[in-house]
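Asks: Protein chains in written order, with the numbering used here: chain A, 139 to 611; chain B, 110 to 214.
Rather than coming from a laboratory, the hints here were simulated on the basis of the structure. Careful, some of the hints might be misleading.
Stated by the list, open to error - To give an idea of the chain A side of the interface with chain B (calculated C-beta under 7 Å), a few residues:
1) L160
2) L195
3) P492
4) E507
Glycine is no exception: its CB is placed at the ideal position from the N, C-alpha and C atoms.
Residue-level listing of the chains:
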Amino acid sequence: MQLLAVIYIIAAVTFILGLKMLSHPATARKGNLIAAAGMAIAIIGTIFLYEHDGRNLHNYTWMFAAIIIGSAIGTLAAKKVKMTAMPEMVSLFNGMGGACAALISISEFQDIGIEAAPGLHINILPEGGQSRLLIILLGLIIGSVSFAGSIIAWGKLNSRIKDFAFKGQHLLNILLLIAILFVAAYLVFNINDGNFYLFYFVFAASLLYGILFVFPIGGADMPVVISLLNSFTGVAAACGGFLYDNKAMLTGGILVGSAGTLLTVLMCKAMNRSLTNVLIGSFGASAATTGTKKEHGAYKEISLSDAAMVMAYAHKVMIVPGYGLAVAQAQHACHDLEKLLAEKGVDVKYAIHPVAGRMPGHMNVLLAEADVSYDNLLEMEEANEEFSSTDVVLVLGANDVVNPAAKNDPASPIYGMPILEVELAKTCIVNKRSMKPGYAGIENDLFFRPKTSMLFGDAKKVLQDLIGEIKNM
Amino acid sequence: MGTILHWISSNQQMIYIVILMIFLGVEVIGRVPSVLHTPLMSGANAVHGVVIIGAIIVMGKAESDNYLALILGFLAVVLGTVNVVGGFVVTDRMLEMFRNKKTKN
């Protein structure tokens with residue numbers, strides 16, 4: 139038991155160190171491994187050294203079976219997932235953690251009943267039972283909301299679930315939340331054998347709340363939601379820390395809860411929106427009505443050979459990647475084009491919008507996979523300074539992050555979001571699969587501007603064809 | 110009121126930890142570049158998998174004939190492990206790509 143205390147202290151320190159190192163590019167990977175090592179010793183230590191009522195834990199067969207199954211699923215899922223689906227994966231893993239916390243609460247609730255009620259009377263809780271029940275309920279509510287919400291976020295990101303909102307939904311959500319909290323509070327003070335089933339009402343209502351909470355939020359805002367749910371799960375884990383007087387759980391849980399909340403706010407900032415705006419705004423739903431009304435002129439197309447020509451003879455080309463690039467898995471083709479143009483003496487850079495793709499940093503991860511040099515990736519501010527001296531901007535499957543409506547249309551749902559000002563460049567070639575609006579469901583005026591020409595097709599195919607054209611020149 | 114005060118005084122240490130960790134969490138990731146948002150979120154996601162310790166305790170203290178507790182614990186351990194293992198592996202995969210490119214430069 140004393141050794142276990144030391145182990146938990148070490149684990150807590152590794153979590154802090156790990157997160158600290160994860161926030162610097164040079165040490166990030168090591169930080170992740172350190173946190174993982176801390177987690178491993180904490181798990182092993184708990185299995186073999188934890189004592190409950192003076193006895194070691196048992197059911198080892200079951201336990202190891204569960205750990206082996208979980209590790210196999212986790213490793214396979216994490217190894218197999220495509221770079222494009224990374225955000226969904228994080229959401230799904232987060233949901234698992236939330237579900238785990240909820241299950242712990244349910245299981246502990248059974249114990250409260252058993253301890254207190256040999257004669258079916260659980261109205262008298264044991265010493266400290268009330269606060270214990272409170273913590274159990276908190277863990278249950280937060281864990282269930284996090285689980286259900288994460289699953290919905292996962293479904294939305296891979297387009298299994300469509301945006302869906304109805305009138306009065308926010309009111310319903312608030313009422314539901316109040317009902318959950320009220321019933322939970324009632325249980326803490328008045329639980330007895332006649333009303334303990336209300337515990338399961340709290341469970342079901344929390345699941346429902348998680349679903350309704352994420353449902354109306356537009357798909358484009360899912361990263362923010364996932365980050366928020368991530369910090370929820372952290373708090374749910376911390377509830378476990380209180381339950382078992384376990385400081386490692388408490389440290390890890392609260393640390394993630396707090397860091398996750400800050401990260402959520404940082405992400406909102408990158409989109410120049412407030413968290414309330416994201417949560418209440420119903421981004422996607424309102425967009426459908428505002429975007430389509432305006433009359434647009436015609437757009438013009440550019441042929442592959444013309445596009446190849448324009449780029450090959452440019453001095454400076456700026457590539458703006460977006461989710462379309464990720465979907466088409468075109469990062470390698472993109473890097474090939476960049477190398478080819480560089481050989482021809484063209485200065486090629488990438489302009490990375492902080493929220494391009496489905497998650498902040500998504501594009502960086504993707505381009506890093508294709509070995510694109512770090513120095514060629516420009517952040518939004520740098521890129522915006524360079525656009526005026528750029529000959530050709532090649533927009534690859536990005537849409538909302540280059541939508542001028544964010545700057546000049548106060549009615550637009552993305553109004554106020556900082557964008558990449560690709561219009562400043564001499565020409566702009568936009569590669570898209572079709573004229574359909576982007577993920578946020580907003581029409582993009584950029585496509586109808588005189589300097590813009592469209593190059594339709596799958597990003598990977600188009601890039602490969604462009605490479606072919608340039609080589610034949 | 111009395112119960113609340115009692116609870117606070119008997120959980121002093123835990124409450125101190127909560128307060129300190131809130132500030133530390135903010136401090137630790139305060140100036141993270143946006144490049145690292147995704148890996149950091151994923152890493153934090155793995156760290157809250159520490160909830161698995163609770164699952165192990167639930168599973169390990171269950172009486173061998175209490176099937177409800179066993180099943181709940183089993184499920185919780187599986188889900189918790191998926192969270193921990195998957196979380197760390199996925200983060201490592203993301204960061205591996207960053208490192209490859211760094212060494213080349």
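Asks: For every hint, state whether the structure bears it out.
Replies: Tested hints:
no., hint, verdict
1, L160, "holds (5 Å)"
2, L195, "holds (3 Å)"
3, P492, "holds (4 Å)"
4, E507, "holds (5 Å)"
In terms of the numbered hints stated before, the structure departs from none.
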